[in-house]
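Here the protein sequences line up with chains H and C, keeping their order. All letters in the first sequence, in the order written, are residues 1 to 260 by the working numbering. All letters in the second sequence, in the order written, are residues 261 to 516 by the working numbering.
Just so you know, the hints here were simulated from the structure itself, not pulled from any lab data. Warning: the hint list may mix true and false statements.
In silico contact screen, one side only, chain C against chain H (beta carbon under 10 angstroms); selected entries [claimed, not checked]:
1) Gly273
2) Ile277
3) Leu297
4) Ala370
Ideal Cβ positions, reconstructed from N, Cα and C, are used throughout, including at glycine.
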Amino acid sequence: MKNLTAIPGVPPLIACFALLLAWEIGARLIGLESLPTAWETLRDLPTILTDKQSLYDILSSVRRMAVGFALAFLFAVPIGLMMGRSKTVAAFFNPLFMMIYPVPKAALMPIIMLWLGIGEASKTLVIFLGVSLPLIYHTYQGARAVGEKLLWSGAAMGMTARERLFRIVLPAALPEIMVGCRTGLVLALITMVTSEMIVRQAGIGNLLFNSLDLAQYNTVYATIVIVGALGFVLDLVFEWLRGIVVGWADPVHEIAVGSA
Amino acid sequence: MTVGRRISELVMGLIPILLLLALWQSLTSFNVAPPSLLPPPGAVFARVFQLLGDPAFLGHAATTLYRLFWGFGLAVIVGVALGIAAAGSPVIGALLRPVIRILAPLPKIALYPAFILTLGFDHSSKIALVFADALFPILLATYQGAISVEPKLVWSARAMGVSRLKTLFTVVLTAALPSILTGCRISLVISCIVVFLSEMISSTEGLGHLLVRAARNFQTVDMFVPIIAISALGLILNAGFNALRAWLLRGFPEEN
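This is chain C alone, in the form it adopts within the complex:
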């Protein structure tokens, strides 16, 4: 793709975003929507930057991130382990597949009341929900990546006297890495969304709680800030993960 084409595509892509902002601005400046219902974009973004220096706000964001990374981290460990095990052993695979078939399409958010009842209102119920939601994309991607590993690679390793278990870790896991990382990226954004929602439903801290608190007090500007914050967080984490992925996969043949 030439540079000129790249730039023109970038400009094209900016148009709808700018149009949306312009529409928002004009709705407020021509008094179509009262500021109590739709605050002007300038006020919202000014508030975002103001809160970025506020320790209380940063504390809430830190709580959200803490829950997010615990849930996501556990999901990566368990998901990759189960996925590799299911692909490596036909017995485990046959046992796991029907269970996944039932649990994967289940709306995990419905389990949230059960997590609250058994784990309490604190961090652990949110972490459990993030884990449940993040697990299946990683598990499925790992499994699919691991079963489609070129069999010749495994045979060669086995022929060279590498044990079955060691082959699983050195050959299968590495060869399935691109697929695993794709699953992780999907799960990361899901985790971001789910942690926010869980905090909205029942929490006393975190970004999601800030939104609910603002809604109860009818502070419209403050309602927009947490949503912008969590979306920006999702975009930043996604970009960061892409960079990590590119670094981990250096030397792998380019895909997609």
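Extracted from the complex, chain H is given alone in its bound form:
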């Protein structure tokens, strides 16, 4: 038993199973019609995943998420690096970001839709907004913590400011940037689901509430399981990617937590 639980991935798997078991027992004990058992829910999964419309909904959601995240990355990392290296830039942006921080980004959806219509642009923009701030913050922290001695040595060896930024600051800040990316990824998923729930027009969030309105309770719970699995898989893929990109840095055993 001891060496079995030592394998990474096994304890979460056991925990997953235990949670499902707790759900199954709880649902049977409570006996609410609106709370199906775990088994009933899981049985519904293949139906959803083979249904063309729901599959299209899910995939288009994931695509929007990827686009929003990529745009936010391209926007946030340069700003974060500049803030980290120049006190003036940091003083310039910090209060603004502090003010924007408590704004619920997904709640901007109705206003953004007023301006950009109900198409892809507004949905992607909301995800972009949700992801940008944590990415900027972590990049800023990473760039700020770069050792001055490294930069002095680089300067003494005749590196230009531009070379120092790309050859010293960026690699040194990379582990922290990856932490930001992880938080951002979770946030992208949350913002996406939330904004779709608010607007109820397309995507996973819509699937959730449509089946709620139609009283297809099994589908509601099955979709929740799909969203959860999506979050978990994204996290795993990201950990793997992180190992490749910044495997040389100390591993960060931090669990990403965030909210839209």
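Once you've looked at the hints, dock chain C against the given chain H.
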């Protein structure tokens, strides 16, 4: 940091905020954006101050605050208790860690339909969602704070004959306080955001509902007011919490 430098940083920080306001004002005054899409800032802020004296609006804000504090309060109690327990007992820790590993990155908002189905459309489903979202930052911060408590402190207390359980409350909990409060601060802003979103998705009262109602009736000015209100609420709660934190942590060595 000298006073002069402080002031110049403050001025620097005000520039982008003022620029943004100026851009907003010029967009409306040069008729680039019609008022039905983007009302002038003056109109929006005038409406905010007008509504601050309106009992109906204050009632909605009170509903939102009620849900927020119930959810957040429960999360603090459960999060701190579980975090300390997981750090104090290896068995509980080994049991909890994989569960947290799975539940923490899960987008809690997806559970909202399940909460509605099981708890109904009233306060309890919103409170449950706020609780679920606020719990994990507090739990993780408590756990991390509690396991990094200087072991010598615990040993000294134990050597002086303090029981294991009492050590947990008097030594570990106190020493982990800075970390716990950091977790609580993160959760407080998250709670603020989540309660608003839950009210937007399904509610008949609260600030979030006001935004949805304004959007349905195409009252653009009234759409901006709840967003400004909830953001201001977040900033005020955050500032208030910082003050509380500074008071609670007086005498602790300065960190960060």
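Hints and how they fare:
The interface hint given for Gly273 (chain C) is met, as the beta carbon of that residue sits about 3 angstroms from the closest beta carbon of chain H, less than 10 angstroms. Hint status for Ile277 (chain C): holds, given a least beta-carbon distance of 6 angstroms to chain H, under 10 angstroms. A least Cβ separation of about 6 angstroms between Leu297 (chain C) and chain H falls short of the 10 angstroms threshold, and the interface hint therefore holds. For Ala370 (chain C), the interface hint holds, the least distance from its beta-carbon to any beta-carbon of chain H being 4 angstroms, beneath 10 angstroms.
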